[in-house]
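J.: One letter stands for each residue in the lines below.
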Amino acid sequence: MTGIWIAVVVTTAGCYAFKLAGLTVPQRVLANPRVRRFAELVPVALLAALAASQSLTSGHAIEFDPARLAGMGAAIAALLLRAPFLVVIVVAAGTAAALRAAGIS
Amino acid sequence: MPPARDDGGADDRAAAIPAPAAGTASQAPTTATLAQADGATAAGWAAQTAAQTAAPRPVRDGVALGLAVGVSGLAFGAAAVSSGLSTWQACVLSLLAFTGASQFALAGVIAGGGSLVAGTAGAILLGSRNALYGLRLSDVLRPRGPRRFLTALGVIDETTAVTLAQPDPASARTAFTATFVCLYLTWNLATLGGALGAGRIGSPQAFGLDVVGPAAFLALIWPRLKSGRTEQLVALAGAGIALGLTPVLPVGVPVILAATAALAGALASPVGSARSESPGDSAAPARSARPSASASPGGHAPAAPPSRGREGRVS
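Going down the list, the sequences are from chains D and Z. So the first sequence is numbered by the working numbering: it starts at 8 and just counts up by one. So the second sequence is numbered by the working numbering: it starts at 93 and just counts up by one.
Hints should not be assumed to be uniformly reliable.
Unchecked claim - Computed beta-carbon distance windows for the label pairs:
1) D:Gly-66 <-> Z:Arg-321: 28 to 38 Å
2) Z:Asp-260 <-> D:Leu-87: 17 to 27 Å
3) D:Val-16 <-> Z:Gly-289: 22 to 32 Å
Said to hold, decoys possible - One-sided and incomplete, this derived list gives chain D residues near chain Z with beta-carbon spacing under 8 Å:
4) Thr-19
5) Ala-52
6) Ser-62
7) Gly-78
8) Ile-111
The hints are simulated quantities; they were obtained by calculation from the structure and are not laboratory data. Just so you know, even glycine gets a beta-carbon here, dropped at the ideal spot from N, CA and C.
Construct the complete structure from the given sequences, taking the supplied hints into account.
T.: What follows is the structure, given as structure tokens:
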């Protein structure tokens, strides 16, 4: 628990520091097109990596959890249908929950 | 965080939520932020243009977006507690970190039994985008003295999108405050509710809560994926790197290394071309007509067109 508290505090401090730094740093930093492009792509890379990891891994192993994968499939379908964010989440969780309730896990 | 905001988010909400907000409607604080700002922005811009919603409604826009996105705090609170964080820890993150993507990321690593150091580093790295938003917002809000410290807390995807969509500095400041206050209150109350609710649930998995995080991340970057081939390649590479390294590196570290995919994508993008590609592109001075485009420091919305031009070279 202490370890988690440290992680929470450091994360909080780090995130706040970045916000404050943005309000303080000279504007010219973003003038560099490569820096700007990198900044645009970082979230895409990290979030895609997180989504993949949380969908397909457990610890150090690649894992195929049928209910979880079905939930992600439902999320993709919802996104393709242009569903609002919350609907996407509810559909994903609901699908996984329904399959597990049905005994599929 | 969440932003399914591309056109999707705009759907029915578009009607209810004012233009700029429409785009971002689905995002969660910040996380959504990242990706979303672009999508959202684009959607908002389109909606705005179409509807000729010239009349700025900074307060209404901000409140609408704050409520819509803030509710997602329920998902964070539930996910955090089911990941092993206490209700207090979940609330501290929402109160002081106040950036959805990072919060979900930390909870996700903890849930996976990953290294806390790696989880923290990943969460902070994800929060780095807010520095880019701040860079842009400081020019509009011009916070001075001690106020800067309070303003900083509110620098996230959603506030950036709404603020930059306003036509003048006064409206922008009002919009920032309205969005920040509404989203902050909603997000935190929802976090508390979600955390308390999850505490009474037996197995989080039985409710499919383990899918909430990955589905939220996917929804957040979805608009970006539709904006250009470079984004798609970077996302695929990032996912591939993370999965490929999972068996051999400490949990959480592969995700951070996925940032190298972004670095490669940035280096592969021809620098000089950005300027000529599209108006509104990053090169354009921010406040041009397109509200959020310039808005997001990440230049998200604008990013799409430019990336398209680069695609050829990337691949």
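J.: Look at each hint and say if it fits the structure.
T.: Okay, the hints, checked on the actual structure:
1. D:Gly-66 <-> Z:Arg-321: 28 to 38 Å: holds (34 Å)
2. Z:Asp-260 <-> D:Leu-87: 17 to 27 Å: For D:Leu-87 against Z:Asp-260, whose Cβ atoms are near 38 Å apart, the range 17 to 27 Å is violated.
3. D:Val-16 <-> Z:Gly-289: 22 to 32 Å: The hinted range 22 to 32 Å holds for D:Val-16 and Z:Gly-289, with Cβ atoms some 25 Å apart.
4. Thr-19: Hint on D:Thr-19: holds, closest Cβ of chain Z at ~4 Å, below 8 Å.
5. Ala-52: holds (3 Å)
6. Ser-62: With a closest approach of 5 Å, the D:Ser-62 hint holds.
7. Gly-78: Nearest chain Z Cβ about 4 Å off; hint holds.
8. Ile-111: violated (12 Å)
The structure shown violates the earlier hints numbered 2 and 8.
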